[in-house]
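Engineer: So you can see what is in the structure, the chains are spelled out below.
There are 2 protein chains.
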Amino acid sequence: MKLKMMYSFLKADIDLIEKELEAAIESQSPLLQEASLQLIHAGGKRIRPVFVLLAAKFGDYDIHKIKNVAVALELIHMASLVHDDVIDDAEMRRGKPTVKSQWDNRIAMYTGDYMFARALEYMTVIENPQAHKILSDTMVEVCVGEIQQIKDKYHYGQNLRDYLRRIKRKTAILIAASCQLGALASGAKENIHKALYQFGYNVGMSFQITDDILDFTATSEVLGKPAGSDLLQGNITLPVLYGMENKEVHERVMKVHEGTKEEAMTEVIQAIKASNAIEQSHELSQRYLQKALSNLDELPNGRTKKTLRDIALYIGRRKF
Amino acid sequence: MKLKMMYSFLKADIDLIEKELEAAIESQSPLLQEASLQLIHAGGKRIRPVFVLLAAKFGDYDIHKIKNVAVALELIHMASLVHDDVIDDAEMRRGKPTVKSQWDNRIAMYTGDYMFARALEYMTVIENPQAHKILSDTMVEVCVGEIQQIKDKYHYGQNLRDYLRRIKRKTAILIAASCQLGALASGAKENIHKALYQFGYNVGMSFQITDDILDFTATSEVLGKPAGSDLLQGNITLPVLYGMENKEVHERVMKVHEGTKEEAMTEVIQAIKASNAIEQSHELSQRYLQKALSNLDELPNGRTKKTLRDIALYIGRRKF
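Listed in order, the protein sequences are those of chains H and W. Under the working numbering, the residues of the first sequence are numbered 1 to 320, in order. Under the working numbering, the residues of the second sequence are numbered 1 to 320, in order.
Since the hints were made in silico from the structure, they are not lab data. Please note that the accuracy of each hint is not assured.
Just so you know, same-sequence chains aren't split out, so a pair can sit in one copy or run between any two.
As the list claims (entries may be wrong) - No farther apart than 30 angstroms at their CA atoms in a straight line, the calculated lysine-lysine pairs in the BS3-like style are these:
id : residue 1 : residue 2
1  : Lys133    : Lys189
2  : Lys19     : Lys151
3  : Lys194    : Lys45
4  : Lys151    : Lys96
5  : Lys96     : Lys153
Small disclaimer: the values here were computed from a predicted structure and weren't measured.
So here's chain H without its partners, still in its complex pose (with noise of 0.2 angstroms):
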């Protein structure tokens, strides 16, 4: 089933979703307007509105509310996304290109902070206090994750502990907000919408340790980038953490620097591929996805909580 044919009965909501996202990046200066118009027609999997309104649905559902709340989420996703390509260097993006590349770095780094602002603009139609510093202590986590990645490239030293704690801040918690403030902002109870914080920090890790796998194993059409890309920018991902327990994985993978031709990163990739990296990162990831699944425990049975259900099971066998 397609991902978006599991939360068909939200069609609607979406699609105002959709809207509301252009319309709030309207802006009195058209190349700001353009950048991050570029971004949103980029596509994506538009994830966290899905998973904000999901868990809206354990309260008292208000689309009218929740949008803005949905809305947030996506922009500050885009955000980052927009700044991690000026630290990337990255030229494309889902097959096009940058903000970045299309304009250039102060352009992207300033798209990113009005998206951020916009976000931040959406999120105060939410009067719940508590709503607010989940959202900021996010963004903190968020920022110091952004640091940590910079500094740890091209750091072979680094272990398990370093990539997790990494993903956690880049991608895990935001989805994880997503889910709690969902809940949290329709005025469901405590313990529902903490057990929705764990599931989407489960989710997330599983879909990042996902995505890390899928830079080694899918075409780069499939990427809309070179594969290997993320090892070339000096990104140590899970694969190449296990692949490294191999001495002579370890040995291929120390010389790979950012000049590195790509004959010799497809030798690389091949390297991790053929040992046991691959199978073992996706166990791990497979392990958070049940973890995932057991905090739906904690809900009421019904529709939403098996759309979750669907939705993590997705994420746990994507091949894109």
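Since the structure of chain H is already known, use the hints to place chain W on it.
Structural biologist: Frame of chain H, contents of chain W only:
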């Protein structure tokens, strides 16, 4: 009278905020902490926190609550400085190396993001939704202003209105928001916090015009950067706009580009100073100042109002 003497009755509270600022940027990432700390220690007038505290005196003054607003606004100001330094490719600020020159643009970008996020955490203590709306609207305007400033660089066809709109977004609205939020967060009445917004806006406009004048009239030692830096970076400020009304000055200015040598710059600066531009700029700054003083009429008499008046007058005659 020195600026600090004017609000000596706030000294203990200002010291507290200084400590709180250092605590605010304590981070698990030493790099992030070091970069942020350098920024805090680079000093600055802390004019935004001072305005927050003074404005709060018109309500129910509680330093342990209002300090959060003061810290948030100073952090936002500093975050925007780090991002500005990336845009301006600035090596020095206040006589010290910038974050982007000591580390790099990427670290500067995330240091800014981090300080923004920290600021939001501090603001969550304030439970007034209107306060959050004002702050996020302000941040959106600041971002739009920053993009506009990039677009307007070396754009000699711009007029007075373009300039005023730019400095409004660049400087005036954050000072206006500081005044308004200090009052609002301490429960002052609407006529009070609106008058304080207007006061802050007009003081901010006057302040920025003075800054733009000083870029031409002050020495490099006082500025901590070369005189005429703004123009060299393509920023068309008020003295340049007025100067260009003279055909000869106009022609000289048009020749300035990123690589213009010091000697040629000195000639352009001299030409602008020899025209009536500095006097005209000073006049407009004074006009904003007069408006600021008249905004104070709305406020109850007393030491706080007198201090706001003193600070405004100080800003009007400052030489650095």
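Engineer: Can you name, in rising order, the numbers of the hints this structure does not satisfy?
Structural biologist: none
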